[in-house]
Amino acid sequence: METVIAVLVGVLMASSVYLMLRRNLVRFVLGLALISHTANLLIFSSGGLQGTFPPLVPPGELVPGAGAANALPQALMLTAIVISFSVFAFLLVLAFRTYQRLETVDPDSMRSAEPVPAEAGTDRSVSGDPQ
Amino acid sequence: MSWLLAGAIVLPLACGVLGLSLRPHRAMQQMVSLVAGIGHLGIATALLVKVWSDGILVAQVGGWPAPFGITLVADHFSSAMVLITAIMGVATIVYALCDIDQRSLVKDFHPPLQALIGAVCGAFLTGDIFNLYVWFEVMLIASLALLISGGRKAQLDGAVRYAALSLVATTLLLSGIGLLYGMTGTLNMADLHLRVQQVENQGLLSVVAILFIVAFGIKAAVFPLFFWLPASYHTPKVAVSAIFAGLLTKVGVYSMIRVFTLIFTHDVGYTHGILLWTAGLTMVTGVLGAASHNELRRILSFHIISQIGYMVLGLALFTPLALVGAVFYILHHIIVKANLFFVAGAAERLSGSSDLKTLGGVYREQPLLAALFFVPAFSLAGFPPLSGFWAKLLVIKASLASQQYWIAAVALAVGLLTMYSMTKIWVNGIWKARPASAEKPPPLSRPNRALLLGPMICLAAMTLAIGLWPGPLYDLAERAGHELMDPSNYVQAVLGSSETAALGAGGGVVE
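Same order as they appear, the protein sequences are chains U and G. The opening position of the first sequence corresponds to residue 1 in this note's numbering, with each subsequent residue numbered one higher. The opening position of the second sequence corresponds to residue 132 in this note's numbering, with each subsequent residue numbered one higher.
Chain G on its own, in the form it takes in the complex (with noise of 0.2 Å):
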């Protein structure tokens, strides 16, 4: 079924293109946009049941075998992101029917997000790392667009800091794989996990690992490589904050763990361990930078670095119960976090302001909204009954299993951080009355108010639903995370078992 696979990327890919066609027309515009929304999330949901049945799915581009074509490979994690990215598109786009109407002055939204999706669906679902390079950058030309679409003086200047350091990343990137082509004479994921075991010189190898690390380090907003996210990501519209948020510093992390996962592990005690510091640094500055700023959006960025530490610790540890609790927690994270720009957006239109000094009055004139907020800000700080709970217990439970008793410390006291952050925007923006030097904006009208609360009201039951039922979200991560503990399946599914047994017995022949 590889036209499912390679659905998932050629028809957002297609529909913007299609877009950029109707540029005249933005009505029209907007619904190519909804409807091949919706197509993709179901192409999305068939991919992840056929992966759920019937396991690892591979398909290899113009028939090409698998080392020297280009390969796309679903497994349980790949298919789950990308079902997670088509809901994600489909809420943004919903939102945008709002937050980006047809007066607005962002004119190019629709024709770039259904690039990013495309784009970020390639990334997920490639098996050749050079495509993933490709892919990597096709992602960041859309982001580039959407981030600018506008104009205003504070997006312009947010965009060179998140182009410069993006580039810097990919050329990053672009050497490591260049390197590391010349050590195995392969670009294929799955050979590449046969190869690198052939490779004498091992410490070239870790060398060409840090490469990586710091490549899609910055992709993923790690300390001390997250500077453009807090400069940029409370710029652009909401609709786009809040699927940057969600999507593009995961995409980082889910490449560093099928990076880490399937070809550096020669040396885990000296990679993961550099990832292991990584990720406690991570958690700290993130929410420390988050508790000295006052507005909404600044205040969620710096938590989206903080997060990000979390699912890093996951791969750090590198036992299967970690990797499956950092599965489970970028799921849960891709929701709550859009969903929380979603509602800051929604505050912002519905009160006239996202600075927690002249906000105010929401629990009062907008009590639905209020417990909107709620809901994913709790999450995010690992209350009970709700998703952020399950993710962080999984994380810290297994770094108290492989005995890193400091990090489990520390990821605790970060959640309690993260608590008092968003008890700070609960009383001083959701709870205080309105100042009195603050003005009301006008009301909107019914249907525009729908289409802002309706995504957000879908993503929060998403998050109680995975609070309360945690149980199918977590065989899903199982298996996902004991694949990535285990490549065996994935190699041979992509290279066949003859061929894996030839290269075990004797091969590497550098081509």
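For reference, chain U alone in the conformation it holds in the complex (with noise of 0.2 Å):
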């Protein structure tokens, strides 16, 4: 089971590395995401995949019987999931309002923060955030 959880982790954050590459803010918002699910379930399988029931303590017992899943990672993977998700509509919002005011989706075009520096025998007073 750890192996096909190590191979769906590599597969899930190369796709991610690879949205993540493009130049396109909606697909890096989606390579975000993608990988934010790769770390859940890396945590998820560290704690290690044995399980065989849920770790609930039964009537009149302090502890949960030997072999129940350990229920720490899945808290830790909910927390996770909990900010990612809140982040990730965030995310959304920006890029949908980098949008509105840029009028572009590529990284590369967005000059406002960094303006590109004035050619040699232009005119080089003109610089700054036309803001």
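FYI, nobody ran anything at the bench for these hints, they're computed from the structure. Even for Gly, the Cβ is constructed at its ideal location relative to N, Cα and C. Among these hints, one or two may not hold up.
Non-contacting residues of chain U with respect to chain G, defined by C-beta distances greater than 12 Å in every case (computed) [what the hints assert, rightly or not]:
| hint | residue |
| --- | --- |
| 1 | Val4 |
| 2 | Val11 |
| 3 | Gly31 |
| 4 | Leu42 |
| 5 | Phe53 |
| 6 | Pro58 |
Here are some chain G residues the structure puts well away from chain U; computed CB gaps all over 12 Å [as the list claims (entries may be wrong)]:
| hint | residue |
| --- | --- |
| 7 | Phe199 |
| 8 | Ala276 |
| 9 | Gly282 |
| 10 | Ala285 |
| 11 | Leu298 |
| 12 | Thr302 |
| 13 | Tyr364 |
| 14 | Thr366 |
| 15 | Leu452 |
Quick list of simulated restraints, FRET-style, between CB atoms [as the list claims (entries may be wrong)]:
| hint | chain 1 | residue 1 | chain 2 | residue 2 | range |
| --- | --- | --- | --- | --- | --- |
| 16 | U | Pro58 | G | Thr450 | 38 to 46 Å |
| 17 | G | Asn332 | U | Leu8 | 20 to 28 Å |
| 18 | G | Pro196 | U | Val26 | 44 to 52 Å |
| 19 | G | Gln329 | U | Pro54 | 25 to 33 Å |
| 20 | G | Gln333 | U | Pro54 | 28 to 36 Å |
| 21 | G | Ser337 | U | Val17 | 47 to 55 Å |
Using the hints, put the two standalone chains together into the complex.
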């Protein structure tokens, strides 16, 4: 089981890196969503996948029986999922607003924050943010 | 006194929430923020005094005993960082009363600022590595809100770059934490210190250590992971830039120091060797980047990167003196760097430009502002009677003592280049007469001027005081450095002596 998950983590990581390297903000955001899932899966598998039943404490006892699934990675994942979901929502809005204001989704042509330095010979006094 | 520890985190967060509910009443929002900032300063001072007299303070959140629950720990390093955060918080809030006034387009400043301060303190005080990740995310969300507030084109552009690289960093951090948990079965940092020594596959541990270097490296803006910083720090309002410049990268450096003194010390030659190269390259690229720019805040952004190199250098050398130097450097740098951004903002406000080509006449028209620039700028470059001199002296002395002569030479050369860069600002921006084409903006009212200059005067006075009487800060840094070098006190304070002994004898059972 661990081997399958390990391969899956690798494939997901490769896909998300591929998406993030595209010159398109929307694909980049999708890549980020995917990479956060990759990390979640990694945490999940690093806690061990041997457990066969949920870690519920039977009535009258203090600990779950032997062979219960490890609850801690699940708690960590849950936290990470909630955080990545909210960040993903923020990023979608940011990407949309950026597209509206800058009228492009290509990060290479977004030059508002770092304007291209004026070429030699042209007017060098024009620099800085036009806004 | 666990309420001191919790209060340093909860008070700003609670006041952030309160501020959000006061959104239509901006004057009240400002007052709440100011009161919260001063209250936080009080708590932080009390915390440092307590740690200074009683040693490491520990609070087990929810009453869960150490390796199972989340632990809050305040040692000398973290409580000093909390105090400096509180000082920066108050300075920024006061500066923002003028910079982001009630007519400003930036409507949401104080609530995310308070959340940011709370998250930064959380990252400093936590003793649990997953909790550290959570604080990093809270910090990221609060800083994104501050970064885009106002919605100018450049801000959105900068925020895209900032968000993208920061999220990659937190994902890497999360992966590293997951793998570390898989190997050791614990998330408590003190417990990790003991458990990593029992990990069989030390090579895998080094791989995880590299994940942490990259994750914290992006946060701290070291070479070659710094590109988000000069792309975004000059875009928001000055008050926002200043608190970012002062605090955020230093949280990355703090976490790096914490993790690489407490957890990953299994192969110092390898991990800290990488850090040493990183430190050297960071110093050089940062200062060269600064030399090639003309806009004040962009020059200063590159100097943040360059200065981060000195702090990482202190960690990379990994001797007691070097860590003392790193702690001293961080504390001095936060004050100086935030102040420089304040001055850049005031120069823009009072003289109408932030570009060295169109800026000028500051020395003639605003002599006080020129003096206020002089103190932090030449402290940054390491001039003798100012705080930066002692910080640089400690780090360079430590590198000479460990026979790393080349890195000492690099550090000295970078200091010289920093001086060149500061002189460039001084000559072109401050001394030079105002260019004929540049228009003079309307003068500020007297109270606004006081709000703008007040925080700068206080911070410049602190720089000067540290420079003239470095003793107290050195003592603090020395205690912090020795605590970092020998974490046994930290481990004992968190886990209690009996469990430490049991684990040392034969434990190491993974849950």
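**Least C-beta distance between Val11(U) and chain G, which was stated to exceed 12 Å** = holds, 15 Å
**Message:** A cut-off of 12 Å on Cβ-Cβ distance, and Ala285(G) was said to be off the interface with chain U. Does that hold?
**Reply:** The assertion about Ala285(G) is violated, with a minimum of 4 Å to chain U.
**Request:** Test the statement that Phe199(G) is away from the interface with chain U: the closest C-beta pair must be farther apart than 12 Å.
**Result:** violated, 9 Å
**Message:** Please check whether the beta-carbon of Pro58(U) is more than 12 Å away from every beta-carbon in chain G.
**Reply:** About 19 Å separates Pro58(U) from the closest Cβ of chain G, which puts it past 12 Å; holds.
**Asked** Going by Cβ atoms, does Phe53(U) stay more than 12 Å from chain G at every point?
**Response** holds, 17 Å
**Asked** Once the closest CB in chain G is found, is it more than 12 Å from Val4(U)?
**Response** holds, 16 Å
**Message:** If we take the beta carbon of Thr366(G), is the closest beta carbon in chain U still more than 12 Å away?
**Reply:** Non-interface label fails for Thr366(G): nearest chain U Cβ at 5 Å, not farther than 12 Å.
**Message:** Looking only at beta-carbon atoms, does the pair Ser337(G), Val17(U) fall within the given range of 47 to 55 Å?
**Reply:** violated, 22 Å
**Asked** Using the C-beta atoms of Gln333(G) and Pro54(U), is the stated range 28 to 36 Å upheld?
**Response** holds, 35 Å
**Asked** Given a hinted range of 44 to 52 Å, is it respected by the beta-carbon distance of Pro196(G) and Val26(U)?
**Response** holds, 47 Å
**Prompt:** Are Pro58(U) and Thr450(G) spaced within 38 to 46 Å by their CB atoms?
**Reply:** violated, 54 Å
**Request:** Would you assess whether Thr302(G), listed as outside the interface, keeps its beta-carbon beyond 12 Å of every beta-carbon in chain U?
**Result:** Its Cβ does come within 12 Å of chain U, the nearest being 5 Å, so this is violated.
Hint compliance for this structure: hints 3, 4, 7, 8, 9, 10, 11, 12, 13, 14, 16, 21 are not met, and every other hint is.
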